[in-house]
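*Asks:* First to last, the sequence lines map onto chains A and B. This note's numbering applies: residue 1 is where the first sequence begins, and numbers increase by one. This note's numbering applies: residue 1 is where the second sequence begins, and numbers increase by one.
No wet-lab data here; the hints were simulated from the structure. Yeah, the Cβ is synthetic: ideal placement off N, Cα and C, and Gly gets one too. Hints should not be assumed to be uniformly reliable.
Residues of chain B placed beyond 10 Å of chain A at every Cβ, according to the derived structure [stated by the list, open to error]:
# : residue
1 : Q101
2 : P148
3 : S158
4 : A261
5 : Q336
Sample of chain A residues at the chain B side, in silico, Cβ under 8 Å [stated by the list, open to error]:
#  : residue
6  : E291
7  : G293
8  : P327
9  : D337
10 : G338
11 : L347
12 : T349
13 : G352
14 : S356
15 : S393
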Amino acid sequence: MVRKLTRRNFLSYAAFAAASPIFEIKPLRGIDFILQNSPTPQKYLIETMPGGAALFDYNNDGLLDIFLVNGGKIANSLHVPENFERATPRYWNRLYRQNRDGSFTDVTQAAGLSHAGNANYGMGVAVGDYDNDGYPDLYVTSYGKNILYHNNGDGTFTDVTAKAGVAGGGWSVSAGFFDYDNDGHLDLFVTRYMEWDADHNKICGGDWHTYCPPSAFPATTCLLYRNRGDGTFEDVSERSGITAKKGRALGVAFADYDGDGFTDIFVSNDGMQQYLFHNNGDGTFKECALESGAALTSDGKGLSGMGSVFQDYDNDGRPDVVVTVLPREIYGLYHNDGAGIFSYQSLETGLGALTSGSSGWGVGLEDFDNDGWKDLFVAQSHVLDNVQQIDASLRYKELPLLALNHNGRFERADSGVTTPLAARGAAFGDINNDGWIDVLITTLGGPPVLLLNRGGGNHWLSITLRGTRSNRDGYGARVRVNGQTRIATSAGSYVCANDKRLHFGLGSAEKAAVEILWPSGAKQVLKDVRADQFLEVREPETS
Amino acid sequence: MIQLLLFAWLAAQAATSDAAADHMRTGLEARKQHQVDAEIAEFRRATELDPGLADAFVNLGAAYMEKHDYGSAIAPLKRALKLSPDLPVAHQFLGYALLAQGYAAEAIPHLERVGAQDALGIAQIETGQLTEAVANFNASLAKRPDDPDLLYYLGHASGLLSKSAIDTLLAAHPDSARAHQALAENYFVLRQMPQAEKEYREALRLRPELPGLHMELGQVYANSAQWPKAEAEFRAETKLRPGNAEGAYRLGAALLQQGKAAEALEELKRSNDLKPDMPETLYSLGKAASLTGGAPAAAKAWVRVIELEKDTSLAAQAHFGLAGLYRKEGKTQQAQHEMQEFQRLQSTIGPPRSE
Chain A
1 MVRKLTRRNF LSYAAFAAAS PIFEIKPLRG IDFILQNSPT PQKYLIETMP
51 GGAALFDYNN DGLLDIFLVN GGKIANSLHV PENFERATPR YWNRLYRQNR
101 DGSFTDVTQA AGLSHAGNAN YGMGVAVGDY DNDGYPDLYV TSYGKNILYH
151 NNGDGTFTDV TAKAGVAGGG WSVSAGFFDY DNDGHLDLFV TRYMEWDADH
201 NKICGGDWHT YCPPSAFPAT TCLLYRNRGD GTFEDVSERS GITAKKGRAL
251 GVAFADYDGD GFTDIFVSND GMQQYLFHNN GDGTFKECAL ESGAALTSDG
301 KGLSGMGSVF QDYDNDGRPD VVVTVLPREI YGLYHNDGAG IFSYQSLETG
351 LGALTSGSSG WGVGLEDFDN DGWKDLFVAQ SHVLDNVQQI DASLRYKELP
401 LLALNHNGRF ERADSGVTTP LAARGAAFGD INNDGWIDVL ITTLGGPPVL
451 LLNRGGGNHW LSITLRGTRS NRDGYGARVR VNGQTRIATS AGSYVCANDK
501 RLHFGLGSAE KAAVEILWPS GAKQVLKDVR ADQFLEVREP ETS
Chain B
1 MIQLLLFAWL AAQAATSDAA ADHMRTGLEA RKQHQVDAEI AEFRRATELD
51 PGLADAFVNL GAAYMEKHDY GSAIAPLKRA LKLSPDLPVA HQFLGYALLA
101 QGYAAEAIPH LERVGAQDAL GIAQIETGQL TEAVANFNAS LAKRPDDPDL
151 LYYLGHASGL LSKSAIDTLL AAHPDSARAH QALAENYFVL RQMPQAEKEY
201 REALRLRPEL PGLHMELGQV YANSAQWPKA EAEFRAETKL RPGNAEGAYR
251 LGAALLQQGK AAEALEELKR SNDLKPDMPE TLYSLGKAAS LTGGAPAAAK
301 AWVRVIELEK DTSLAAQAHF GLAGLYRKEG KTQQAQHEMQ EFQRLQSTIG
351 PPRSE
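With the rest of the complex left out, here is chain B:
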């Protein structure tokens, strides 16, 4: 009798499994036809007929994901993993679904398990694991360097990481030079130059030898066109760090703004020696050379800018500079050619913006 009953139960199970398999097949067919609702109905029926069929739960979860119904996807995916804990696709979908629903902490182990670094990074931003998030975005970007979402999230995570570090700095060492520097940088970004100047001054009072402070303060002055003050700060920076090419470039540019072309030329040459072929340095070097009567040196610098930059606005400016140079020298044809190149670039990339 018992044997009979067991046989009858096994026969019924076989019939159920066959029916579940049919619904699975129909569901997969519906997926091919992009009939998501039919897909869901078929996979759900399969799970009802065979509650131990992990594949059916995974497919049901996947169908909900396809429909962007992440909340409904979670339960079948969890059930699938209960039935078959090592199903990678179930971990992946569940990780995404949980993340989409805001359960970042819960999503992380699933995403880690399948190595979904991009989604993992996003989850880690949510849970405040910023260092890990930055590492994961960097790893993902190595595979997809131009992905706009990845670039955005890397910037976002880095910004939060930076803010977090600065918040810690300000809380732990509010009177330190670095805290004042951080505040100054913030004011600079907000274009609140008087406050930025004040904070930089305080930072310099506390640690006058700190690299970069004079340079940043110089940029505050340069931004508000206070060129003699900017010059003084850039000069102080170059005294502290004579091997810093940017300091020499900025000093040269400040001197140039004041019409001190000969001095500017020396600094810009020095900057170019320290770090050759920086287009901005070369462009300014050309200007300084032009102002001091060094037409060949100016032409050389601007030609190099064009070689380096090709079709950028700086290249356009170099063409314009060359046109003026040749015009003065009476080289009409060359001047016209450079002006045409300038105009050609202007028409493609737009006119150079005002200072």
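With the rest of the complex left out, here is chain A:
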């Protein structure tokens, strides 16, 4: 279909031709949050690792709200049992409700989310409707104990961690809800970084005093909780085979990479091989990254894996993996070749030139220019706050990376951010419901930064899945629109939860063909779907 050249379209084309920034930095009216990571001379490793953000509509008013995870107060000399003073408002996590005028209201206290426990230094957040009641719930990870907040549907949340049995322990980082056994109830996966506590901290870097590399501390295991469907979870970490592999896990992303109908897990590990847990479909997983080609670089080297995303960047219908890493490495792009095989294609796709000098954390494959190809966005900043003293060619604060996807090859574009950030998390979603994907970045010691997409002339389609036999969020569904594929999930990135709506750029197409493969196995086809709309699709209740 030939697209009509309207004045608006012409102007948008002209704007792109002049390489205008994709985003503008939007002041977050009503948000006064500062991520308190509390850096100390002791260089406690937790200081450089928070913090999460969630873009989700907690009150179902059609507007994305923002949940922000805070670190905590760290004493200059910290000892076990640690006290992070989370009762003090300065160290609270925060929930901000979006108002109709685009401003935000702090509803943390009213929502019952204010005090996250003095022993818990906050890290990340996951969002999912674990009880299928239509309201998204929150799972907050920490160094310490994690908290599951049930969304009561009336603007308040209840801490149900004890009843649910998902407190975990140790140092949890990213988490995500997914339905690994296709029983219609969202299960929960939690990455854990390492065995560390304040009494066993180390300082590295000689005279420079830096945070230690992950290899300085023992590896640990991730957690998998099976949702029993009655508001409680069962810790199946060991039974499922997840604990068979110790790692230094930071990021997690989900997709059924081999099309066998069961969602698999990709875990980004720091300073070692990456893990790909293949779902055997019988409640167990087998770690197979090495034999699948998704563990190391093409040189057989480990990666400093931080964040990860599991989506199809080249529109071949199969989910691929991108892992963000530290400088002197290259962000790993593992192309899904089919038949359970991945190939490392960072160089072919242009990531070698774009990323070898940067440190990446939060990451997303989203179609920011709505041209039908998923672009790459990475929140960047070095892990060491004094890295420049050690290596003058590196910087602690960096600009984020925006790389537009041109037929499977990434090229740098102007994100519109001109001031380097100590960025960590990146959450993706259409915060102003204009059909263009925006980005929320968290920054250490600073406020969140909202990058509002300036938009353009291309068409789009946003799909909300309403599972009936499958989990209500439709997490795990494979949705194909005009030749593009997205896996339904709010997980991925680093310590963040994304807008659960599935966004597709349609380019000049004004109609879309939609195919949905639900986790239940149901297939659904919608033809001639009008572009430029938010569409809710309900799963057929019978096959």
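Assemble chain B onto chain A, guided by the hints.
*Replies:* Frame of chain A; chain B shown alone:
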């Protein structure tokens, strides 16, 4: 009367010499028992009884040396040489003792006399005779190629020699291209890349035709992952020196980093033609061939790397590359074999380090 007195004196001397010889024998016996203090006492007594007995002084000096008391060894050894100037062992011990006490200049003639090249080299470092020191260490290494002390001292002397030459260069020709190049190299080692870049740029402004400058500047850019700039510099170097294999290799590697696999392949092939069987070149050549769909060429290059390198980390990487190649081709068994080899090497030499 005089004859009587002379006889009496000679008889006394004979008795003294016999007594000195006894102490010598006892001293040597004590040495066999590793009783150093007894040894010293016996040899000292022998020198007292017979002050003209050079052997006694040498042995006394040697006993002090054994005790690492180099200061006390010097006097008897000097006395021995006064009595018998050609005693090689006395020269050797005295040379060592003087050197140990920091009297390098005084030690040198003694060490030269006995051809103790290793110790002589050390003494020459102390006296600033660096060229001679390097020559002596090289000569010693020809006899003991793996000696860690010799290797250390050769490196040390060469470094000092290099520094001395550079200091002279900087003092005599501070505005020359070579001076800027030397400064740039120093900054590069210190990882101060902006300063290194500035100095290389100035050197290039002064003498754009100087071989190696573009290559080194390219490495500054490569080190900070500025690949397009690195490519430009390596390209300039290969234009200046088309016959330089390293330039072609580095250009190929920079192209590879940017995903320009076809161009990279050409440069890496050229590098391999100029200087065949360089493992790094072959490994990168395999990568470039693999990226451009040339699986057989990639396999050939990596197999050659393994033949050349056998059990190194580069060989491990080549095994890993082959595993991926075979996996893609559906050759499962071969892929598994290569992966096993990769893992075997990883377990013995450790995982390859990140870039």
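*Asks:* Are the hints correct? Go through all of them and say.
*Replies:* Hint check results:
no. : hint : in the structure
1   : Q101 : holds (35 Å)
2   : P148 : holds (25 Å)
3   : S158 : holds (27 Å)
4   : A261 : violated (7 Å)
5   : Q336 : violated (8 Å)
6   : E291 : holds (7 Å)
7   : G293 : holds (6 Å)
8   : P327 : holds (7 Å)
9   : D337 : holds (7 Å)
10  : G338 : violated (11 Å)
11  : L347 : holds (5 Å)
12  : T349 : holds (7 Å)
13  : G352 : holds (4 Å)
14  : S356 : holds (4 Å)
15  : S393 : holds (4 Å)
Hint compliance for this structure: hints 4, 5 and 10 are not met, and every other hint is.
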